[in-house]
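Q: Starting from the two chains in their separate frames, assemble the complex, guided by the hints.
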Amino acid sequence: MKKVFVFLVVGYLVVGGILLLLDEPSAPSVRILSIETPSAFLITDDTERFAFSLFLDDPDAFLTVMANVTRASIHDAEETLALLLVEIVRTGAIRSDDGIRYDEFRYVFTTDGVSIDVGTLTLEDAVLSFDYEGGTTGDYRVGDVDFVFGAPGDPRHFDFTRLYAVYEDVDGRDALAGIVIGLETKTGTPIHILDVDLHIADVIVSLGEALELDELPAADASAATLLGDPLRTLLDPPVGGTLSFVTGRYFLPVVHEGRIRPVARFPIDIRYEYDGREYRFLIDDFAFRSAFADPASYGETIHRYEHLR
Amino acid sequence: MKKGLIVAFLSVLVLSLSLTVSADEYQTYQEIVFVEEDERLLQDVSTEDFAAALASLGGKKMFGWKLAVLTKKQEVEFLSETKLKIFNNGYSTIKHDITLSTKVETKFQISSTGSLGTTISGDIKKFKGSIDGTIKTEIGYTRTETASELYEFKIIVDPGTYVTIVMKGRGIVSNGVARNYFCWIKIIEGGWETFTVTTEYYEIVKERIR
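Protein chains in written order, with this note's numbering: chain Y, -18 to 290; chain V, 6 to 215.
Hints were generated in silico from the structure; no laboratory data involved.
Note that beta-carbon positions come from the ideal geometry of N, C-alpha and C, so glycine has one too.
Careful, some of the hints might be misleading.
[Stated by the list, open to error] Each computed SDA-like pair below joins lysine to any residue, with the alpha-carbon atoms no more than 25 Å apart:
(1) V:Lys159 x Y:Ile241
(2) V:Lys173 x Y:Ile241
(3) V:Lys77 x V:Lys159
(4) V:Lys100 x Y:Ile241
(5) V:Lys159 x Y:Glu254
(6) Y:Lys167 x V:Pro164
[As the list claims (entries may be wrong)] Examples of chain Y residues lying across from chain V (beta carbon under 7 Å, computed):
(7) Phe130
(8) Pro133
(9) Pro136
(10) Arg143
(11) Asp265
(12) Arg270
[As the list claims (entries may be wrong)] Listed next, the stretches of chain V that the computed footprint assigns to chain Y, with coverage defined by at least 3 CB atoms under 8 Å from CB atoms of chain Y:
(13) 94 to 105
(14) 157 to 163
Just chain V, with the same shape it has in the complex (with noise of 0.2 Å):
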């Protein structure tokens, strides 16, 4: 009766954690494109190939994490969303006076599937649990410490004009598998992700209003 409780208790603790589904800003950008074209991003990979990806982890073990590398430090070139659009649908110039960000190297985003969830301490974004230094290891990370600054610039938009300005970028993929167990039952499951951006690249763009 006692272990039937517990493996039930167990079974509502997988079923909720399951349903926990996290993004970070990386997978909004236009296009991610990896340098070796055999790689993938963990949302492309086929359901066959994440299946055998968790096949791979091995057997049930009492405590802890099983992990695999799917990526490992892959670089990526990608287009970001357009950070900003300016439009003069009227009929004389107009200065326009623009607060921009730039990033400073380096900029860490994860993102996870299935039952593996993040979290945010600070404004660092962490895998939850003990996984987060287990895939830091693996994929050799270590964070630089740096954020954004503002900066403003003044630009003068023609009538029937619009101004846009995009990001480009660099930067370094991993991804993988993992699984967790307590008593020899699976407790976690998923996919996790790290996207590290090292550059970016910004351009304006002043095209006619059509």
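This is chain Y alone, in the form it adopts within the complex (with noise of 0.2 Å):
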């Protein structure tokens, strides 16, 4: 009898210790990565969507939760844009150097009632910032951020006929080396181009070295090749210039200043001077490649948070 009480008790204190040692309670706080890279959004209206991505270690987070974001915004040294979140969207997973799985969530916003008809508002190494339910906040910098305003080109002087971006392979990793379009004016006068805009930080039309294309290149040729230059580099300074065309296919060529920015979705803002007056066309922002899964191996700045539950 007394075996069988000692073998009970033995019994529970084992059960409850493994019990305890599975009931371990979580982390005391959840890991927040945010990664600085360059974007620009053309806004159409006020109803026009954009995402920034936060990585999260935790997916069900409080971060994660609509209901407890009370306010948002996207503010520089200077400016500041309130936004208004309408979605947040798990999109995906990274896993960081020291192994931890991050959920990536991507945070889409509107401009809460901003819309203004013409403009760049230019935000500097931006922050974005939310207040959370109970009075905590939250600010993570997301890099540089265009906001382009305006509405997607009118094809009443000229339009495109053909758009996509070439990529080549700059130490194994894949680098926008330039944008191939086909322009064709509708009334038969030369149109001159002034500038084209990308509105990325550090990553510049070399409009002076625009090429007509009498065959289309592959999407990962090199601009060297395609230019003729060996010595050409991706990170050689841009060449000022115009392009004037009435029909024609152009390789538009791209440098980066300072270092290679991993580029994958932009907007296109084209100055133009047609009948000696000035026009802009603008090309909505459009994905010309699949989202870099890793930017941080281009170089760009990992931010570290940490947020009590």
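A: Next comes the structure, spelled out in structure tokens:
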């Protein structure tokens, strides 16, 4: 009888111990990563949606629940834009160097009623800010952002007939080397492109090197080969100039200032002259390439944050 | 008598399994070209070469899988299906709002032939049975856990014009054959193939409606 009693007590202790171990309290904080990557969005009206990514080590954290966010904005040292959070979408996951899995959440916004006819709001080293239920706040650095306000280009003077980006291999990484664009005037009168802006920080169209194409190049062609200059690199300084056309297909080379940036989606802002007057033709931000799974491998800065649960 | 029943049962099992054929999205791509000329997709392997690959698996074994690799981690370039077409048959310019999706690297696809099957667990497609792990070990596969994202794109389309958005890309292909034995009896036999999309490129084309 005594043996049975001892056996039962030991059994309870063992089972209790195992249960306690299994019921280990979760970590007291949630870890968050933001990766600084340059981005640009064409905002056609106050319903236009755009998104920024945050990476969380807990997919059920309070930051992933819409109702817990009471206010959102994005700002730099000088300007602030109020945002309306419309959706939080889990789009994937990454694994950090230390082996921790971080789920990627895309925070989808509109400009919360702010609508500007024409203009660009440039935020340098932008910070995404949230106010949460309970009075806590969160600030996350997301990199340089351009909000380009305007309508997609009205093809009254010209239109584009073909559009894709060329990415060349630079040390095993895909680097934006240029844009291939087919252009066609409506009247047969020459149009002069004065400037092409992708609105991505440090990524500049070298319009002076624009090349008319007989054949369309592959999406992974190299700019040096296309331009016939084996010494040319994507880090060369841009060459200024204009491009005049009636109808044709062109390669618009791109250079990166300082270092290669992982650029997949961007608008195209074309300033041109027709019949002695200046106009603007905007192409909505388009994903020319699948998103970069690991922008940090391009040297983009990772910021680490921690919030109490 | 008992042995005969077992053999009959296993024969029925093999027959029913051999009807399983599985395909995946990449098999709808308009064009897939290997960077190395001699490599082929499983569907382009001749009957003779397929039989030779099966023969290379050697003699029977008591239990489990035998596997041979025909193509190992070979780079391909592909032209996918047209993702979208917008026609403006009217007489005035239209502004069109398009919802597009962009995949995040990397997207893993698989397919099989013969009685070798595939299954879906959650959003992950796998080969049926323990062969899944064997194949992934053999080709050195690591899965990047990523998914797709939706976004909006606005475009102006002139009358008498249509817009298409096409996808091109690069990927990695591995394929081979496999056979499974139970008590020295061949239970499953077929081809397997993995297709990992590493990068997708998107292109807009505007053309006149003829």
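Q: None of the hints should be skipped; say for each whether it holds.
A: A quick look at each hint next to the structure:
| no. | hint | result |
| --- | --- | --- |
| 1 | V:Lys159 x Y:Ile241 | violated (28 Å) |
| 2 | V:Lys173 x Y:Ile241 | holds (23 Å) |
| 3 | V:Lys77 x V:Lys159 | violated (41 Å) |
| 4 | V:Lys100 x Y:Ile241 | violated (34 Å) |
| 5 | V:Lys159 x Y:Glu254 | holds (24 Å) |
| 6 | Y:Lys167 x V:Pro164 | holds (13 Å) |
| 7 | Phe130 | violated (13 Å) |
| 8 | Pro133 | holds (5 Å) |
| 9 | Pro136 | holds (6 Å) |
| 10 | Arg143 | holds (6 Å) |
| 11 | Asp265 | holds (5 Å) |
| 12 | Arg270 | holds (6 Å) |
| 13 | 94 to 105 | holds (count 3) |
| 14 | 157 to 163 | holds (count 6) |
In the structure shown, a violation is registered for the earlier hints numbered 1, 3, 4 and 7, in ascending order.
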